[in-house]
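Chains as they are written, first to last, in numbering that gives the first Met the number 0: chain A, 0 to 178; chain B, 0 to 308.
Please note: incorrect hints may appear among the correct ones.
To be verified - Looking from chain A toward chain B, a few residues come up when the C-beta cut is under 10 Å (computed): (1) Ser1; (2) Lys3; (3) Gly64; (4) Asp67; (5) Tyr71; (6) Ser120; (7) Gly122; (8) Asn125; (9) Glu126.
Rather than coming from a laboratory, the hints here were simulated on the basis of the structure.
No residue lacks a Cβ here, since even glycine has one placed at the ideal position from N, Cα and C.
Residue-level listing of the chains:
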Amino acid sequence: MSQKVLLNQKEVNIILHRLACQLIEKHHNFSNTVLIGLQPRGVFLAQRIANILKEDYKVKDIQLGQLDITFYRDDFRRGEKPLAANATEIDFIVENKNIVFIDDVLYTGRSIRAALTAIQSFGRPNEIELLTLIDRRFSRHLPIQPNYRGRQVDVINDEKVIVHWKENHKEDVVYLIEK
Amino acid sequence: MSELSVNHLLGIKYLKKEDIKLIFETADHFKEVINRPIKKVPSLRDITIANLFFENSTRTKLSFELAQKRLSADVINFSSAQSSVKKGETLIDTVNNILSMKVDMVVMRHPNPGAGVFLSKHVNARIVNAGDGAHEHPTQALLDSYSIREKHGEVKGKKVVIVGDILHSRVALSNIFALQLQGAEVMVCGPKTLIPKYINKLGVKVETNLRKALNWCDVANMLRVQNERMDISYFPSTREYTQQFGVTKDLLNSLDKKITIMHPGPINRGVEITSDVADSDQSIILDQVENGVAVRMAVIYLLASKIKQ
Numbered sequence: 000m001s002q003k004v005l006l007n008q009k010e011v012n013i014i015l016h017r018l019a020c021q022l023i024e025k026h027h028n029f030s031n032t033v034l035i036g037l038q039p040r041g042v043f044l045a046q047r048i049a050n051i052l053k054e055d056y057k058v059k060d061i062q063l064g065q066l067d068i069t070f071y072r073d074d075f076r077r078g079e080k081p082l083a084a085n086a087t088e089i090d091f092i093v094e095n096k097n098i099v100f101i102d103d104v105l106y107t108g109r110s111i112r113a114a115l116t117a118i119q120s121f122g123r124p125n126e127i128e129l130l131t132l133i134d135r136r137f138s139r140h141l142p143i144q145p146n147y148r149g150r151q152v153d154v155i156n157d158e159k160v161i162v163h164w165k166e167n168h169k170e171d172v173v174y175l176i177e178k
Numbered sequence: 000m001s002e003l004s005v006n007h008l009l010g011i012k013y014l015k016k017e018d019i020k021l022i023f024e025t026a027d028h029f030k031e032v033i034n035r036p037i038k039k040v041p042s043l044r045d046i047t048i049a050n051l052f053f054e055n056s057t058r059t060k061l062s063f064e065l066a067q068k069r070l071s072a073d074v075i076n077f078s079s080a081q082s083s084v085k086k087g088e089t090l091i092d093t094v095n096n097i098l099s100m101k102v103d104m105v106v107m108r109h110p111n112p113g114a115g116v117f118l119s120k121h122v123n124a125r126i127v128n129a130g131d132g133a134h135e136h137p138t139q140a141l142l143d144s145y146s147i148r149e150k151h152g153e154v155k156g157k158k159v160v161i162v163g164d165i166l167h168s169r170v171a172l173s174n175i176f177a178l179q180l181q182g183a184e185v186m187v188c189g190p191k192t193l194i195p196k197y198i199n200k201l202g203v204k205v206e207t208n209l210r211k212a213l214n215w216c217d218v219a220n221m222l223r224v225q226n227e228r229m230d231i232s233y234f235p236s237t238r239e240y241t242q243q244f245g246v247t248k249d250l251l252n253s254l255d256k257k258i259t260i261m262h263p264g265p266i267n268r269g270v271e272i273t274s275d276v277a278d279s280d281q282s283i284i285l286d287q288v289e290n291g292v293a294v295r296m297a298v299i300y301l302l303a304s305k306i307k308q
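Taking the hints into account, I'd like the entire structure generated from these sequences.
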């Protein structure tokens, strides 16, 4: 098993600021927009983006939630390991809101499909967009594409992309791992 | 741990401490789900569950059925009152006939102790015991512990007294096993005639004075007197039972501390507890009902996840 650095800390930081600016370009003061990080790994990215918007770009009142998709996945009873759920926290109304889903890596698109179903339990949003740090090209099982992408990478199927955050691994870095 | 150590829920006796922890953590997520505007998840859409009730039940049956529907399972219901059991069919035949219709899981209540264990050895489906005679009622004990955990933070170290008809109660036995497994201290309290002879062997305290029992405990779980299971008179009159073992508001107010009151239902108001106790802020009886759905969803979800395709 070998690993290669796809993005280092500085590169991750530049990308996060660019993604935040792209969000402002579209959503202005976020008065009708909410950010939702997808559990488990999208919540770190979502929190980071929200912090940058608040601290560096002085956007007030960012609404941030987290959504767990475990009970909506299409591989229940199909994998070796049972699926463990995570917390969902959506303390605001999503009806008629513009939602931005935030996840670290977009791969097959199945998680996003599950998230699109899961969010319906909370109401009917006006629109839903997708922001992802890494977009693994040519690996989609479903017709799903991101609206905002950090970096597009070509990765073959037995390779894995892992995102480490300061919050859980002490550094911001994206690795490509070959099995 | 993310998987149960058992393939069926036949009794608390067969569970490990980690199983209960996993069930509670999963139930936390389902409790959030059932408080959403749309209270349903699609996880079990390809699972069929049969609810077989060979004995009357209102809330347990409703609670199981609701839990199954919230998980999107297909549900069929059966109660022995309207069935071929009356025509002399055996339990295995009844269940095998139902399983031929491609049922994955059976939730069963039966008047005979051990009916669930018997069934699990003879049929190819996951079994959930919804009460077998005076033996066990595992989901009730789980939801009781879950409600204590919710109210008091944890079950470990808490003092719980179970008051009333211990002899005929499956709720009492399952609760004793569940509470002890989680490190709580358990006492039983009731007329001597309604306390089983060898109860000491289970490591519980016995008290026949209600005031002393309530002063000792953090939580009192009040059981119903099960007249339908009594073949002889175990106490002189209901009025006398109420005087000695009924909890009133005056009694509660005269205690040194504020204890929590639980009841598995159905309540006989004015017998084991008075109306003002049942409806007081110390009572978590309706929380138990809500938690029952979340806990049953967790049990069914975790058992279903072990059915491989």
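Quiz item: Checking against the hints above, which ones are violated?
Solution: Violated: hints 1, 2, 3, 8, 9.
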